[in-house]
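Participant: Using the sequences and the hints given, assemble the complete structure.
Chains as they are written, first to last, in the numbering used here: chain A, -8 to 306; chain B, 661 to 911; chain C, 8 to 315.
Incorrect hints may have been included.
Sample of chain B residues facing chain A (criterion: CB under 7 Å; computed from the structure) [said to hold, decoys possible]:
#1 His735
#2 Asn750
#3 Leu763
#4 Gly767
#5 Phe775
#6 Pro780
#7 Val781
Some, not all, of what chain A presents toward chain B, calculated at C-beta under 7 Å [unchecked claim]:
#8 Met(-8)
#9 Ala(-7)
#10 Arg173
#11 Gln176
#12 Ala177
#13 Arg178
#14 Phe179
#15 Arg181
#16 Thr182
#17 Ala185
#18 Glu188
#19 Arg192
#20 Glu194
#21 Tyr198
#22 Pro199
Since the hints were derived computationally from the structure, they do not count as laboratory data. Every residue gets a Cβ at the ideal spot worked out from N, C-alpha and C, and that includes glycine.
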Amino acid sequence: MAFYRPPAWQKPVALAALAAACALPFVLEAIDQAFYIGFATRLLIFALAATSLNLVLGFGGMVSLGHAAFFGIGAYVAAICQQAGINEALLVFPAAMAVAGLFALAVGAVSLRTRGVYFIMITLAFAQMVYYLFISARAWGGDDGLPLAGRMTLAGFSLAGDNSLFFASLAALTATMLLFGRLAQARFGRTLQAIRENETRMEALGYPVFRYRLAAFALGGAVAGLAGALLANLTGLASPNLLQWMQSGTLLVMVIIGGVGSLWGGVVGAALLLGLEEVLAGLTEHWHIVLGLLLLGVVLFAPRGIATLFGRRDG
Amino acid sequence: MADALLEVRGLSRRFAAVDALKEVNFSVAAGEVHALIGPNGAGKTTFIHHVSGALRPDSGSVHFAGHDVTGLSMHERVRAGMARSYQITNVFSGLCARDNVALAVQGRADAGSSFRFWRPVAAETTLLAEADSWLAQVGLADKADTVAGSLSHGEQRALELAMALATKPQLLLLDEPMAGTGPEESARMVELIENLARHVTILLVEHDMDAVFRLADRISVLVNGRMICTGTPDEVRSDPGVRRAYLGDHL
Amino acid sequence: MTQLILEQALNGLQFGLMLFLLAAGLTLVFGIMDCINLAHGSLYMVGAYFVAAATQAADSFWIGLAVGVAGAALVGLLLEVSLFRRLYRRDHLSQVLATFALILIANEAVRAIWGPAAIMLNPPEALAGPVEFSLLGDAFFYPAYRLVIIAVGLTVAALLYLLVAKSRVGMWVRAGAANREMTEALGVNVRALFTAVFVFGAALCALAGGLLGPLLAVQVGMGESVLILAFVVIIIGGIGSIRGALVGSLVVGTVDTLGRALLPTLLRATLPADAAATLGPALASILIYLLMAGILFFKPQGLFPARA
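Facilitator: Take a look at the structure:
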């Protein structure tokens, strides 16, 4: 294990990627494939959600199978806010983050007293509990979910246009990656990585390990909430399916195939999985089987994920 | 005891049907080097675990600097001034020596919070300089950039020590610091501990009797979970109970 | 009212015993092989489908049950030998990924073969009707089939208890759950033991799936919801403990069933109608999780942890 340090090529590549992303909607419009802007936005949102899980899993070492709960809560907060007449994203998005973060704090406070298999199953159970809560809440749409009447406004600018929401999502992801990158090299990031490596040793050095883990868990939850609020705007619906544990599994899969503990693991994984789905769905009706087999292949032959195949120095 | 830095009263612990520790009374005076010896399986490491907070006793109490710390977690006791090194080397083998010690420095209460999210630690020159000075103290100044896993066994033991020291403890718990080291490295470790003893109280668990008799102000003997003797090296050497326990081998 | 409560209590017992069949296999796989198996619910689903198909082919429920369970056990064997064996030494994350992939494959394969709609599985003719009891002078009716399920569940629980607590194999299993390395060091053929445990777990799953088939829908994805409950059972009961799985499943089964039946009524009697209407079903469905959180608060390792 080594502390995360950005490789020299990261900055130029990241800037190039950002530039390409900024140009993307216009390119797509030019080649008459504007339809894909929605897909690209979806990709950005899931990259954000997966990255938030990467903080918890990759850096914090916590295998959480309940992360979708925070994702879904963010979506519901957005829908509920709109239902209550609040349509300004600058108010709604922080609210989504706060609610999701607080819930993550509560779940983490109970779950982080356990380890290993127990922790995995407990996070799973709590997420499922949230799912059942929302589907039985008729005031919030129950089984069908809570629809949004339209997209919100961001500082007055409407997000109704495909491009607007795309850039809002891109901004959120960029800001998160920036913060994440700094955090990983700062004291908090080092502490997390060291705890992941050897918890007892850190306790013996005077670190209140529980507190750091909980902070990472809550932060991950909050960012997932932001992704959820963005997704609600994109799809126009806060669906209870977002809260299902299969959704947690999907996020986990994204992080794993993208490269656990690599800064870009969430982004790469989301791109790979969503891209694969798109391609495979066009080829065969039973693409889930192909996807499943591919995932099995990854587990058996590229255990540390795709991103790490590109030569990340790791212990 | 009047100025006991560490005091253990009536400590007992059972594992399944075995009495690992039975009614252990023990104290370490401020400023002394107190060695804990005993045959293998006597419960020495278990005892250290109870003092450091890794384990909780079934009955009895642990007092440190006048406070009852029995209910405190391990990290709380470290914050109170207790540090330990491990019998089996427990450093971060993938990190360089400096980063290992830096973690120890960073964890100290007076080094500021670790809930910092922006400034890279690599830019914290004061922190890293302090880490270097601790490494120098244990003789690893020129190995600061070496990955801990590539250090020799003796150097890793020294690194363990540096990490414990960097927490600036009042009481240092050394669990077999000379375990597995050759004669040269052992000698260096003994010298190191001698120097440290000048400003830190030390509780030393060791099998190396030469080192023990050279370093210790007082020695306690633990056999089968019971403390059978405490006294100066000469007193312990001549105690019949101790001789029996060791079958005269080491003494 | 007593009729309702008794009926629901028996339903809870029946549900709990079926949960036990699932949880027993799961807790052993976790406890002994330290392997997370998210696809355990898929084995339950596959079992139900096999039983349904075999029942239709043989035109007999009992033959269908036997053949279906055997078939699912075979699938379990193939899976263990080809995939799970490689997963035991891997980290939990890899196990999650692999078994998640299995769920995708299983669900889609089942959908491809049998279609997305639920398929028919009927209980045997002889058990289709209710059985009459005399309860405190009144007549009490309870479906014969459900009584049989309870009987089968109790029998399996008893057999499992005998096997684990009294037999040599059971001793190995308990030793393996408590300390894998030691058991290996003692010369037990751990590889064969693992395979046997896995296949046995698969058979139990299939049995539960086949028995519950007539009561619940046999369709794609049926395994996922029941898998979560099995997880909750294990968390409550303690990983690696059969006793814990039994206690846990009975607790979960009865609390869930009685809760769903009685809680809305209870709330309607004490709260204004509006609040009760929303709170009732919501609370009933999350009751199990609240219970789990409560138990965990005092006993983070469950009620009967097998490992020290």
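Participant: Take the hints in turn and mark each one as holding or not.
Facilitator: Results for each hint:
For B:His735, the interface hint holds, the least distance from its beta-carbon to any beta-carbon of chain A being 5 Å, beneath 7 Å. A least Cβ separation of about 5 Å between B:Asn750 and chain A falls short of the 7 Å threshold, and the interface hint therefore holds. At a threshold of 7 Å, the smallest CB-CB gap from B:Leu763 to chain A is about 6 Å, leaving the interface hint in force. The closest approach between the C-beta of B:Gly767 and any C-beta of chain A is roughly 4 Å, which is under the 7 Å cut-off, so the hint is satisfied.
The beta carbon of B:Phe775 is positioned within 7 Å of a beta carbon in chain A (closest approach about 6 Å), and the interface hint is therefore held. Taking 7 Å as the C-beta cut-off, the interface hint given for B:Pro780 holds, the closest approach to chain A being about 4 Å. This hint holds: B:Val781 has a C-beta 5 Å from the nearest C-beta of chain A, less than the 7 Å allowed. Here the hint on A:Met(-8) is kept, as its CB sits about 4 Å from the closest CB of chain B, short of 7 Å.
Here the hint on A:Ala(-7) is kept, as its CB sits about 5 Å from the closest CB of chain B, short of 7 Å. Satisfaction of the interface hint for A:Arg173 is found here, the shortest Cβ-Cβ separation to chain B being roughly 5 Å, below the 7 Å cut-off. Given the 7 Å rule on beta carbons, the hint for A:Gln176 holds: about 4 Å separates it from the nearest Cβ of chain B. The criterion of a C-beta within 7 Å of any C-beta in chain B is met by A:Ala177, whose closest approach is roughly 5 Å, and the hint holds.
Hint status for A:Arg178: holds, given a least beta-carbon distance of 4 Å to chain B, under 7 Å. With a least beta-carbon distance of about 5 Å to chain B, the hint placing A:Phe179 at the interface is held under the 7 Å criterion. For A:Arg181, the interface hint holds, since its Cβ comes within 7 Å of a Cβ in chain B; the closest pair sits about 5 Å apart. The interface hint given for A:Thr182 is met, as the beta carbon of that residue sits about 5 Å from the closest beta carbon of chain B, less than 7 Å.
With 7 Å as the threshold, the beta carbon of A:Ala185 comes within range of chain B, its nearest partner Cβ sitting at about 6 Å, so the hint holds. With a cut of 7 Å, the hint placing A:Glu188 at the interface with chain B holds, because the nearest CB-to-CB distance is about 6 Å. With 7 Å as the threshold, the beta carbon of A:Arg192 comes within range of chain B, its nearest partner Cβ sitting at about 5 Å, so the hint holds. With a cut of 7 Å, the hint placing A:Glu194 at the interface with chain B holds, because the nearest CB-to-CB distance is about 5 Å.
The interface hint given for A:Tyr198 holds, since its Cβ lies 5 Å from the closest Cβ of chain B, which is under the 7 Å cut-off. For A:Pro199, the interface hint holds, since its Cβ comes within 7 Å of a Cβ in chain B; the closest pair sits about 5 Å apart.
Taken one by one, the earlier hints all hold for this structure without exception.
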